[in-house]
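These protein sequences, in sequence, are chains A and B.
For the record, in the first sequence the residue sitting at position 577 is 625 according to our numbering, with numbers rising by one throughout.
For the record, in the second sequence the residue sitting at position 78 is 128 according to our numbering, with numbers rising by one throughout.
No false leads were slipped in.
Derived DEER-like restraints, expressed as beta-carbon distance ranges: (1) A:A611 x B:R210: 27 to 35 Å; (2) A:N520 x B:L69: 50 to 58 Å; (3) A:A558 x B:R210: 36 to 44 Å; (4) A:V575 x B:I182: 28 to 36 Å.
Rather than coming from a laboratory, the hints here were simulated on the basis of the structure.
From the three backbone atoms N, C-alpha and C, an ideal C-beta is built for every residue, glycine too.
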Amino acid sequence: MIAEIGLAALWLAAALALLQLVLAFTGLKGNKPDLLAAVRPAAVAQGVLTAVAFIALVMLFLRSDMSVLLVATNSHSAKPWLYKFAGTWGNHEGSMLLWVTVMGVAGAAVALFERALRRDTHMATLGGQAAISLGFYAFLLFSSNPFARIAPAPADGQGLNPLLQDPGLAFHPPTLYIGYVGLSVAFSFAIGALLTRQVDAAFARAMRPWVLAAWVMLTLGITAGSYWAYYELGWGGWWFWDPVENASLMPWLAATALLHSVTVLATRDALRAWTVMLAVVAFSMSMVGTFLVRSGILTSVHAFAVDPERGSFILGLLALYIGGALALFGWRIGAVREGAPFELVSRETMLVINNLLLTVILGLVLIGTLYPLMTEAFGHKVSVGAPYFDRIAGPIALALMIAMAVGPLVRWRRDDGRVVTKRLVIPFLIALSLSASLSVLAWGRIGILPFLGLVIAGAVGVASLAPLWKRNLRRTPLFTYGMVIAHLGCAVSLGGMASDSAFTVEKLVAARPGDMIQTAGWQLRFVQIQPIAGDNWTALQADMEVRRGGRPVMIHPQSRFFASPPTTTSEAALLTRWNGQLYVVLGEEVEGGRWQLRIWWKPFVTLIWLGGILIALGGFLALLGRERRGWLMKWRARAATA
Amino acid sequence: MRKLLIWLPLGLFLGFIALFASGLFQPDDRVIHSRLIGQPLPAFTLPAAASDRPPLASAQMATGQPRLLNIFASWCVPCAAEAPQLLALKQAGVPIDAIAIRDARPDVDAFLARYGNPYARIGLDARSAVQIALGSSGVPETFVIDGKGRIAYQHIGDIRADDVPMILEKLRAAQ
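Looking at chain B on its own, in the form it has when it is part of the complex:
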């Protein structure tokens, strides 16, 4: 008994070492998996964010055809960086709607005039309420919405040129 007790601390410690080692060498999963995938879009109705585009409501996203929902802001630098990719997607025939976060109409107009306007509809989310409901933590983010208005994919960060084929693939899969 005494013998067992004497060696018990070492045994416990070796267990901890094994635990530490497993924790240390386990690869970190740094990809965020949205829990909203497969869920319908949260209901929202937003006022227009740009002078020459209609406002956006969640009901308008279930059109039978998959489309993109881009979350952006005129004050956001990576959003400007991803503008060419969005224009390319629009050229490929993808309908794109957008939500401008914490923005103002003149700023959005200026942004679109400068970087191009790939959007069909733009809603203004002045207090980030819809953004939070979408589980989006920053700008830009892009959601693939299937024909029934459900979220099929969430892309966090700007869309790079080599992301475009993958986005198109996701849109095809959401058909």
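With the rest of the complex left out, here is chain A:
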């Protein structure tokens, strides 16, 4: 019954999306207010119905209803409830339902809360959102139905991939998807504005909070995913340039560029066509990423059940939506007037530089990700890995960091180059002294990129605080704090990355219980190996007593065996200290009763994710600041009229 309710809700939502689309565009075309009046209720109802469908699927998973094919193939009754719950989106169909739900709820939010946009653009935006949703409803209903039944129902399910049986699954995909799919709102805004030819500062001010909200969630999702991969895969790395990671990074890069260009458009009414283009590109990158992952044309660790039919379906959607949006862009953007001009030394120029650098990185990541496809077209399948991305994107990212430090210190419209240079004296001195001390301490031991990364992280970290210098901190607007914190977060994260690649100490040993291992100032005593049992797994666990001065601490790396499906995973033991993490992985038993142990000491590696959280926090504060100002103004206006 629950499955049928879910399916019915999904069909109804699809029908409402069609209605919403038709109402919005016939209403706009014939200027019929009575038709337009029904658009917002339709969007809200659509959002509610997608939520109902999603909750239905969650309930099926929680109840382990094995008569539903998706539950039977991806769940198991002996799983802890958290993984039954999170397992809802740990598969292709469920995650696409999550996608559609986010899209429906985001559409409802635009219908309910968007007040700043002109009415006709608002309607066109909702029409655009309905048009995109419709394609994904069709995809879900015709080729990925999550509610399909299976008869006879199996006695139990096949279980969830043990790598996914982690609290990370409960947090990472939903946040990522809210960000990923939340960008569809920006896409629809761009479509709406192109249709009504309303690309101006007011449009940008209306779009900005939506972009900001999606971007915050995307940042959190990527940060969470990175940390999850770091501790779960047991490879000690935090970013693998896997196609799926790139698929989340590319929308983030585009959204970051959009966030900055939309500010230029909102503040100075410049960069009109460019901002619209970025709004289209950001969500397009989300869709391209989904296509790459779900079609199986690229090989990735995030293996979804691969199906060429699904691939062709998404390719069709891509061609329709992105192609359609770009055609609309070409057709209409000529009618949009050029924005306001600006001087060479100005905040606007700095933001253009930011956008150019972000776009270049985006392009390089895209080319690197698609490289196997391009070479395959000429006969050989060659993929490029981390070395390409590190070497190509790294230096540009460092240049971007410098631009990020300088940008906020330059005034809007026009500034004096010499004055700007003066404002940069302190960060420059810090960079100099950092390079000097690093050269003395670690010359020849660290690579050029980590070296520059450390220097730039230090200098930019200080420079990012400079916008608060000599200001009345209590009267500084919240969104300025937001910007400062987000920029500081970038520097913190860069510091963590550079420190990890410059100073990590790795040791691979085969040790017997009772052995003592020394590395990077740590003493690890391998006490014993013992079997232990968890909810739905058994494990061999190494008990190790570690110390670095001070009192010893016990850590327990494990090698876990899951029965359904039969798989072994390694659970790394992480010991976090203020200045880094000790990361221990238990490997296989080798001859003579010895065990392989892989031990890393990673100085300041946690800064990577702390930085990510700071970036998201900054975005959140900026969002809060803008919104709060809106409420204050509305409240005052109401008080004045009363």
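Here the structure of chain A is known, so what remains is to put chain B in place on it, guided by the hints.
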């Protein structure tokens, strides 16, 4: 110029779509082609894996007559499944040598007693070293070795009943 720039994104995108479509509709080549075909066997000398069969060395494989080299293990279920086909091949007069992977002599003896013993020589590869040198990733696998000790064919997975004529054909071709 501005006009061109406006349409450039759409043009680029159409290029990507073409690329995606070609990637999507290209048939996947799922057959693994060994790079060792035509190459001599890597040199190895292995201890005996069974009580009643002599040990195996790569030099003993170049006898002028094509033969099979079967990679198996007593703990491997598909290896038991392919045993009748190997016996049939032996009946047809094909000399078969074998390498037992990560195995122990009592286990191999028990396995051969239960499923039959088509092998002339059996070497024990306790640490999979030879298996890796052969470019073999699992058990069972079977190599056709020509009279000069070169690899003529690699069969991945168990030999099914309908694979037997094909294996015989490969042996004839390796003459």
